[in-house]
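All chains, full assembly: derive it from the sequences and hints.
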Amino acid sequence: MKGFETAVERHQRKVYTFARYYLGNAQEAEDITQEALLKLWQNQQQIDEEGQRAWLLKVTRNACLDRLRSRTSAARVFKDDPDEQAVSAVAADAPGPEARASASGFRRHLRAALEELKDPMKSIVILREIEGLAYQEISDVLDVPLNTVRVYLHRGRRQLRRQLKEVYDVGSL
Amino acid sequence: MSAHCENQACEETLDRLEDYVDGELEEPWLSAIAAHLETCSNCRAEHRLAVAVQAELRALPELDAPASVLDQVLAAESTQTSRSVLPWRRASPVSPRGPLRQALLAAAVLATAVLAWALILGDRLTPEVEPEPTPAEIARATAEARIALAYLAQVSHRTGLQLRDDVLVDRLAQPTLRSLARVLPVVTQPPDPKKPKDRSGSSPHATL
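Protein chains in written order, with the numbering used here: chain A, 227 to 399; chain B, 32 to 239.
Any given hint could turn out to be false.
[Claimed, not checked] Cβ-Cβ distance ranges computed for the label pairs, FRET-style:
| hint | chain 1 | residue 1 | chain 2 | residue 2 | range |
| --- | --- | --- | --- | --- | --- |
| 1 | B | 65 | A | 274 | 39 to 49 Å |
| 2 | B | 168 | A | 392 | 24 to 34 Å |
| 3 | A | 239 | B | 141 | 19 to 29 Å |
| 4 | B | 141 | A | 291 | 38 to 48 Å |
[Claimed, not checked] Residues from chain B that keep clear of chain A, each with C-beta distances beyond 12 Å, as calculated:
| hint | residue |
| --- | --- |
| 5 | 61 |
| 6 | 65 |
| 7 | 97 |
| 8 | 107 |
| 9 | 164 |
| 10 | 165 |
| 11 | 172 |
| 12 | 179 |
| 13 | 205 |
Keep in mind the hints are simulated off the structure, nothing from the lab. Every residue, glycine too, gets a C-beta built ideally from N, C-alpha and C.
This is the structure in structure tokens:
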């Protein structure tokens, strides 16, 4: 029991962060987080402590993929708040109103572009750039070779740039 | 530099831009691309955007799951732990009980389930009197109600089996034995299923 509580405390942030950025919807991310952590409880005897994080992220990603598949185009419920705290944090660092608006606009467009990325690029960009996982761990989570992780990461970032150029005045950067 | 060479340099730069931004590019490409970026405004703009995208992605905060989600996980987990020692989860066979006792049990369990739901819904009806339940309490009550309903289903099932046995005895076995008794005088009385079996085998009614 205590061990499980510790595991929940240790891994909840990675799990929730992944689901939140992947799905772009807080309620769905909460459901997925709960589901993943309960699965950890059910399978904890089979998972060693070092492998817990990769296992949880794998379960979380699969649940996110299932959730996306179950969404119909008419019932797309995401596009909720793009984490207002994050936007505020950036705005607080910006020197003036124009720069603040510009920074939050860039972030908003970037998040929208991220949500539009296809898998596995989206998973890899989130795991690497937002969650800071090593290539090897991403390779374990996705069951793909190390070099494939690098290739998809680069492809994902290029795709993000391409999408940003369509909707954002990148000359203002 | 010719246009062809310039295009080739741009292509090579863009091909390696991600590694360059990540700081993973080695010589001689590192110097070549740095030099090209000094002279090519298009590639410089692309590089600036690549740096901004990476910086912005890395600046996105990691988010904590809401406490209510974690409370629900831990509450469900503790409920599952306690379920493993509940009486109806035991592997040993359950002793037979009378239908009345089982019906009473079923009613008690149903009442528990209703009470649990009433506790949840009660706050909505009288928010100013009752304190708002915590998410953990709601999760626990929900889990307990589910367990109670599962128990109710089991009890109902067993009650059904018991009633079926009673019907078979009352409607089939006993009338058959009575008919036989009329035809065959050696059969004096049908056995009473309500009475405990005589393990000594010396029942005065076992007269066949």
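Results of checking the hints against the structure:
no. : hint                      : verdict
1   : B:65 - A:274: 39 to 49 Å  : 45 Å, holds
2   : B:168 - A:392: 24 to 34 Å : 49 Å, violated
3   : A:239 - B:141: 19 to 29 Å : 42 Å, violated
4   : B:141 - A:291: 38 to 48 Å : 41 Å, holds
5   : 61                        : 17 Å, holds
6   : 65                        : 19 Å, holds
7   : 97                        : 6 Å, violated
8   : 107                       : 6 Å, violated
9   : 164                       : 18 Å, holds
10  : 165                       : 16 Å, holds
11  : 172                       : 17 Å, holds
12  : 179                       : 20 Å, holds
13  : 205                       : 50 Å, holds
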